[in-house]
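There are 2 protein chains.
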Amino acid sequence: MTISIAHLGPPGTYSEQAAVFYVNWLGKSSGVETILCAYPSISQSLHAVAKGQTQLAVVPVENSIEGSVTMTLDTVWQLDGLQIQLALVLPIVHNLISCANSLDSIQTVYSHPQALAQCQIWLERFLPQVQIIANNSTTEALERLEQEPTTATIASSRAAQLYNLPILAKGINDYPENCTRFWVVSQEETNAGSEKPKPSVSHTSLAFSLPANVPGALVKPLQIFAQLGINLSRIESRPTKRSLGEYLFFIDVEADSNETQMQSALAELSIYTEILRILGSYNVLPVSVL
Amino acid sequence: MTISIAHLGPPGTYSEQAAVFYVNWLGKSSGVETILCAYPSISQSLHAVAKGQTQLAVVPVENSIEGSVTMTLDTVWQLDGLQIQLALVLPIVHNLISCANSLDSIQTVYSHPQALAQCQIWLERFLPQVQIIANNSTTEALERLEQEPTTATIASSRAAQLYNLPILAKGINDYPENCTRFWVVSQEETNAGSEKPKPSVSHTSLAFSLPANVPGALVKPLQIFAQLGINLSRIESRPTKRSLGEYLFFIDVEADSNETQMQSALAELSIYTEILRILGSYNVLPVSVL
Numbered sequence: 005m006t007i008s009i010a011h012l013g014p015p016g017t018y019s020e021q022a023a024v025f026y027v028n029w030l031g032k033s034s035g036v037e038t039i040l041c042a043y044p045s046i047s048q049s050l051h052a053v054a055k056g057q058t059q060l061a062v063v064p065v066e067n068s069i070e071g072s073v074t075m076t077l078d079t080v081w082q083l084d085g086l087q088i089q090l091a092l093v094l095p096i097v098h099n100l101i102s103c104a105n106s107l108d109s110i111q112t113v114y115s116h117p118q119a120l121a122q123c124q125i126w127l128e129r130f131l132p133q134v135q136i137i138a139n140n141s142t143t144e145a146l147e148r149l150e151q152e153p154t155t156a157t158i159a160s161s162r163a164a165q166l167y168n169l170p171i172l173a174k175g176i177n178d179y180p181e182n183c184t185r186f187w188v189v190s191q192e193e194t195n196a197g198s199e200k201p202k203p204s205v206s207h208t209s210l211a212f213s214l215p216a217n218v219p220g221a222l223v224k225p226l227q228i229f230a231q232l233g234i235n236l237s238r239i240e241s242r243p244t245k246r247s248l249g250e251y252l253f254f255i256d257v258e259a260d261s262n263e264t265q266m267q268s269a270l271a272e273l274s275i276y277t278e279i280l281r282i283l284g285s286y287n288v289l290p291v292s293v294l
Numbered sequence: 005m006t007i008s009i010a011h012l013g014p015p016g017t018y019s020e021q022a023a024v025f026y027v028n029w030l031g032k033s034s035g036v037e038t039i040l041c042a043y044p045s046i047s048q049s050l051h052a053v054a055k056g057q058t059q060l061a062v063v064p065v066e067n068s069i070e071g072s073v074t075m076t077l078d079t080v081w082q083l084d085g086l087q088i089q090l091a092l093v094l095p096i097v098h099n100l101i102s103c104a105n106s107l108d109s110i111q112t113v114y115s116h117p118q119a120l121a122q123c124q125i126w127l128e129r130f131l132p133q134v135q136i137i138a139n140n141s142t143t144e145a146l147e148r149l150e151q152e153p154t155t156a157t158i159a160s161s162r163a164a165q166l167y168n169l170p171i172l173a174k175g176i177n178d179y180p181e182n183c184t185r186f187w188v189v190s191q192e193e194t195n196a197g198s199e200k201p202k203p204s205v206s207h208t209s210l211a212f213s214l215p216a217n218v219p220g221a222l223v224k225p226l227q228i229f230a231q232l233g234i235n236l237s238r239i240e241s242r243p244t245k246r247s248l249g250e251y252l253f254f255i256d257v258e259a260d261s262n263e264t265q266m267q268s269a270l271a272e273l274s275i276y277t278e279i280l281r282i283l284g285s286y287n288v289l290p291v292s293v294l
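Here the protein sequences line up with chains C and W, keeping their order. My numbering puts the first residue of the first sequence at 5, with every later residue one more than the last. My numbering puts the first residue of the second sequence at 5, with every later residue one more than the last.
It should be emphasised that the hints constitute simulated quantities derived from the structure, not laboratory data. Just so you know, not all the hints are guaranteed correct.
Because identical chains cannot be distinguished in the list, a pair is counted as satisfied if it fits within a single copy or across any two copies.
To be verified - Only pairs whose alpha carbons sit at most 20 Å apart, straight line, appear in this in silico EDC-like list of lysine to aspartate or glutamate: (1) K245 <-> D178; (2) K245 <-> E128; (3) K55 <-> E272; (4) K224 <-> E258; (5) K55 <-> E263; (6) K245 <-> E181; (7) K174 <-> E150; (8) K224 <-> E147; (9) K224 <-> E150; (10) K224 <-> E278; (11) K55 <-> E128.
Given these sequences and hints, build the entire structure.
Have a look at this one:
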């Protein structure tokens, strides 16, 4: 069996690294073949799964320093019909990759906005005068670095290896405890990559909108889980894009949606929400186990 | 009396526009003189107030399409000691400003990441092949446009007027109902700009962290307000930057912090939170009233 996996490209992104970890993890116990497919944006990786061009996508959802990857949340809500199969947590170490001889000769730094934001204190301290240019991915500008020795890119050490480029400064992220959570998503009906038994599915992600102009409307959904002793590990709000002050909520619950208690929580939740989507029940895989 | 106001520059940004609206609003009933001071980033505008370089700053906090301006939330939390004096809601209409004769000759589009994100569908449809470059502000690249006729910038029509540059495409934001909420902030002790009576202060913004590893810890704070019939108009989470899964919460409450009910809510809230900051009580000014 062959599984195709969409991820943010060009090769060498943290998303690809997460996809490689996922492939290694799959490989441990199955004879599944995998093909990695690079897409130019996170949104296009998710659209690839929705259209059936690939069976899975690995997308970043949240970084411990910069917070939500809003493009992932907005696209997952908009596409509907996608399902989270697994979450991966990847430690992130950013490096300044450049063919320049020293920091002094650098005039431009390229990277993904999340990576740039995660290194902003370092950039202000060591490269206060450079032009910062945001790209769709950490690796988009890597192919140009050799021709442009006054430029640099912030990316992983794996990216430097892949493109055979020198690292000018290692571990430049502002906070050492930097990690990103990724989701492995499929179409709702597909079971691709999920043949492994899931003995202890630990998390469920939900997204919902609330009826407009109901004071305290968010309290009830949260109470339902609190009263059943089900812990929420995360709550995030996103604009509905209809009008200022109307939100969608993304909630991560520490329970399997098939548990009896969760079933009744979800039934009750559907009463108090406008649209309720169960984005998937899954395990969270720390990369240290790989 | 003279009041200096920091805002994201160079001139022509939506932040400056919000600052101008604020000045006009002030001017209606007082003889206050104002000086606008452009800073190269939102963070630096807020630092200017914290250091006493200016008395006020006008900063974007939330857009109806793209959501929170995380740099504002993170900096306000980090600086402590700032106080919101007023909120302004500004309708946002983005334009493609360029000296190019037609869309076909454009190779590069510059703007602030929020503006780029608010026009992403338009960009994908009409300029699918161009390089998108994120700047610190919508106006940063405007001075280069004349020298670089293959480039364009997404900014306001007021910016086009200020720099005497042509608009190639009007109203290119993906959603017509696009507006941004701004905060006018001062140092906590200062009363600059607040001599006006505040007969009906309508909102209070709070930020807090929660004790770690307490299941359902967020429910209690929300319950306090619900039980007192105080409506929450917004809740936003941001990472504490300590470890993945630990959050700060930013809450907007529809009440004045000096009301008796709010005083008891805040007293109770301080029991269930780790750090609790009252960011200010203020009115929200729709720009239509100006």
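Here is how each hint holds up against the structure:
1. Only between protomers do K245 and D178 lie at most 20 Å apart by alpha-carbon distance; the minimum there is 10 Å, versus 32 Å within a single protomer.
2. Proximity of K245 to E128 under the C-alpha cut-off of 20 Å is restricted to the inter-copy arrangement: shortest distance 18 Å between copies versus 33 Å within a copy.
3. Taking CA atoms no more than 20 Å apart as the test, K55 paired with E272 passes in neither setting, with 32 Å inside one copy and 50 Å between copies.
4. In this assembly of identical chains, K224 and E258 lie within 20 Å of each other by CA distance both inside one copy and across copies; the values are 18 Å within and 18 Å between.
5. For the identical chains of this complex, K55 and E263 are neighbours neither inside a copy (31 Å) nor across copies (54 Å), given an alpha-carbon limit of 20 Å.
6. Taking the shortest Cα distances, K245 and E181 sit within 20 Å of each other only across copies (8 Å), while inside one copy they are farther apart (33 Å).
7. Proximity of K174 to E150 under the C-alpha cut-off of 20 Å is restricted to the intra-copy arrangement: shortest distance 19 Å within a copy versus 39 Å between copies.
8. Proximity of K224 to E147 under the C-alpha cut-off of 20 Å is found in neither arrangement, the shortest distances being 51 Å within a copy and 52 Å between copies.
9. Neither within a single protomer nor between protomers do K224 and E150 lie at most 20 Å apart by alpha-carbon distance, with minima of 57 Å and 56 Å respectively.
10. Proximity of K224 and E278 under a CA criterion of 20 Å is satisfied intra-copy only: 13 Å inside one chain copy versus 23 Å between copies.
11. Within a single copy, K55 and E128 get their C-alpha atoms only as close as 42 Å, which misses the 20 Å cut-off; across copies the closest is 18 Å, which meets it.
Violated hints, in rising order: 3, 5, 8, 9; the structure is consistent with all others.
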